[in-house]
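Work out the full structure, taking the sequences as your base and the hints as a guide.
Just so you know, the sequences run in chain order A and B. Numbering of the first sequence is given in my numbering, commencing with residue 1 and proceeding in unit increments. Numbering of the second sequence is given in my numbering, commencing with residue 354 and proceeding in unit increments.
Not one of these hints is a red herring.
Some but not every residue of chain A turned toward chain B, in silico, with C-beta under 10 Å:
(1) Tyr-3
(2) Arg-11
(3) Asn-236
(4) Thr-241
(5) Glu-244
(6) Ile-246
(7) Asn-296
Straight-line C-alpha distance at most 16 Å; calculated EDC-like pairs for lysine to aspartate or glutamate:
(8) B:Lys-431 <-> B:Asp-468
(9) B:Lys-382 <-> B:Asp-539
(10) A:Lys-8 <-> B:Asp-468
(11) A:Lys-350 <-> B:Glu-491
(12) B:Lys-382 <-> B:Asp-417
(13) B:Lys-427 <-> A:Asp-242
(14) B:Lys-361 <-> B:Asp-375
(15) B:Lys-382 <-> B:Asp-573
(16) B:Lys-431 <-> B:Glu-356
(17) B:Lys-382 <-> B:Glu-511
(18) A:Lys-349 <-> B:Glu-491
(19) B:Lys-467 <-> A:Glu-4
(20) A:Lys-8 <-> B:Glu-466
(21) B:Lys-427 <-> B:Glu-509
(22) B:Lys-535 <-> B:Asp-560
(23) B:Lys-431 <-> B:Glu-509
(24) A:Lys-253 <-> A:Asp-242
(25) B:Lys-467 <-> B:Glu-509
(26) B:Lys-578 <-> B:Glu-597
(27) B:Lys-431 <-> B:Glu-511
(28) A:Lys-8 <-> B:Asp-483
Hint data in this document are derived by calculation from the structure and do not stem from the laboratory. Built from N, CA and C at the ideal position, the CB exists for glycine as well.
Residue strings, one per chain:
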Amino acid sequence: MPYEEFRKDYRSGVNKKLLILLSVFVLAVVASFLRIAFDQYNIDFFEAYSVLIDHLTGVPVENELDEYIVWDRTTPRAISVFLVGAGLGVCGAAMQSTLKNPLADPYMTGISSGANFGISVAIVYGISLVPFLGGQAGMIANAFLLSLVPALFIVGVSIVKSISPAMMILVGVSVMYVFSAATTMINLMASPTQYVQIYTWALGTLGSIEWQHLPFILAATVVGVTSLTFLNARLNLLSYTDRESISLGLSPKGTRLLMIVIVSLVTAILVCFSGTIGFVGLVAPHVMRIIIGSDNRYLIPASAFGGALMLAVADTIAVKILPSGLPVGVITSLIGGPLFIYILIRQHKKIWS
Amino acid sequence: MTELILDKVTFGYSDERDIFTDIDLRIDKPQLLTILGPNGVGKSTLIHCINRILHPRSGKVMLDGTDVADYPTKELAKMIGYVPCSSGTTFPMSVADTVMMGRYPHSGSRRTEKDLRIVYNSLSMLGIEDLAMRSFAELSAGQHQKVMLARGLAQESEILLLDEPTSNLDIKHQMNVTRLLKELADKRGMIVVMICHDLNIASRYSDRIVMLHEGRIFADGTPDKVLTAENIESVYGVSCQVVEFEGRPHVMLCDSGVDQLVLSDEAPVSFRGDSAVPDPRRP
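Written as structure tokens, this is what we have:
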């Protein structure tokens with residue numbers, strides 16, 4: 001095969017991947033945009049967008065309830081759906097390569113167990129780790145700080161003793177069990193109202209997202225997606241044996257810690273506002289692997305858009321499936337699980353070795 | 354001219370036991386150097402000390418006058434390429450992208466036209482450019498080995514270390530690949546260091562053979578100096594005859610006198626009449 005033919009094949013492969021990337025991006029944007037028209041309070045589909053346009057262009061909206069629903073509820077929620085889904089998607093893909101493990105997801109370092117503990121402490125005992133910060137802000141601060149404790153353990157242990165990715169996972173899981181047990185103990189003392197509050201949060205919901213939360217979510221997602229996309233070549237090397245990555249010019253130990261720090265910070269911020277939304281961070285990267293391959297150069301951005309698309313669809317179903325709505329975490333797992341098994345059975349390529 | 358000097362290199366995985374002690378080796382000319390020795394003697398370990406996958410307990414590995422420990426990781430990867438005996442990833446990519454990883458020390462995450470050209474050249478040197486767009490996971494063990502070789506070549510280093518690069522290849526490809534390694538030394542002026550278990554392949558193509566035995570260099574020199582019946586008997590415990598064939602030593606192994614692995618006197622449990630595990634075929 002002459003070089004020209006090889007080059008043409010390679011380029012057309014790249015172009016195909018870019019086209020897939022663009023399609024998933026467009027689908028994710030469209031799905032998130034459509035999400036604006038859905039709420040537990042019924043609102044006419046086209047009416048929703050005319051209210052949105054009126055609000056944005058400064059035209060007074062007659063129906064105040066409609067304006068409240070569209071502008072204060074569904075629009076920030078639609079944006080957060082895109083951002084949280086994208087953030088969880090990239091973090092999952094990066095974690096899988098970093099720990100060389102297809103089961104890895106953004107919460108692998110025990111982030112959700114730490115956050116749950118922080119929330120329980122805030123709700124049941126009213127303790128806030130940051131002084132003078134009460135109410136919701138105090139809860140968020142608790143969740144953020146405590147969600148990073150398990151990750152700190154992993155980083156600390158790997159600095160003291162050089163440990164393998166498998167040991168990192170085991171340390172993370174152990175710390176997770178400790179936190180879960182502590183959380184269970186606190187929850188046993190919770191009043192029924194408090195318990196409902198804790199439980200709803202743990203399931204993962206985007207119901208309480210407000211405009212003022214979006215800058216944090218936006219910052220976390222933008223930092224996560226851009227830094228991990230930028231680090232794509234290192235992620236590729238990390239997914240191979242350490243001796244191979246050293247011989248190809250990468251220090252695997254330091255790079256692994258860097259990835260864990262990035263993923264933990266981004267996920268910790270997202271989890272504070274959305275609770276634990278399972279499955280998206282695990283499955284979106286795998287579905288994208290089947291479509292676009294495991295080269296992180298394309299897999300990382302694809303997992304961002306794939307995660308955004310998945311969460312937008314799930315959240316639309318979640319809000320409409322029951323009159324009272326369901327937490328989105330329930331839908332991602334309940335519908336995502338069987339769907340993913342179906343995809344796994346149907347695909348014929350060898351994606352995982 | 355690149356120069357690689359091992360100065361009293363000692364390594365052990367635990368403090369109690371050294372794998373090898375005070376290894377001195379000087380490689381200052383382009384050559385194909387083959388490391389021979391029995392299993393567990395520390396051939397791979399020695400190679401790993403050269404490209405800093407492992408750190409010697411004492412002694413130094415000097416590359417062009419500088420201790421390899423003082424090179425930044427990326428710079429060292431530009432100077433020393435490496436082909437592992439097997440590659441492992443959970444998430445295989447296409448063959449072209451796998452070989453493209455060899456460009457990381459030079460280009461980072463960029464993929465230039467030049468990188469693509471080098472990937473193509475590496476693949477076509479091994480005659481596997483047709484596999485470029487295939488997934489690494491779908492290939493055979495021999496093809497995997499060639500892709501690993503191509504990735505090592507794509508590093509475009511002056512030194513290439515290979516850990517049993519032909520162990521999964523058929524005889525024709527063993528010869529082709531080893532001849533290619535010899536040509537890299539002759540025509541491109543590279544230092545190629547290979548671990549091998551096939552004495553005749555080593556004899557046919559190597560400029561120099563280093564034989565490891567009991568933690569030391571037992572013999573070092575041209576194939577006809579090193580591959581003698583006495584040396585092979587001492588190092589491997591196998592008696593043999595060495596004849597000359599096409600101008601090189603050719604080793605013919607004798608079955609007599611080899612320490613035998615002993616078949617256990619106990620029959621496998623399932624064959625026994627009084628077996629605790631009932632035979633399912635019997636009613």
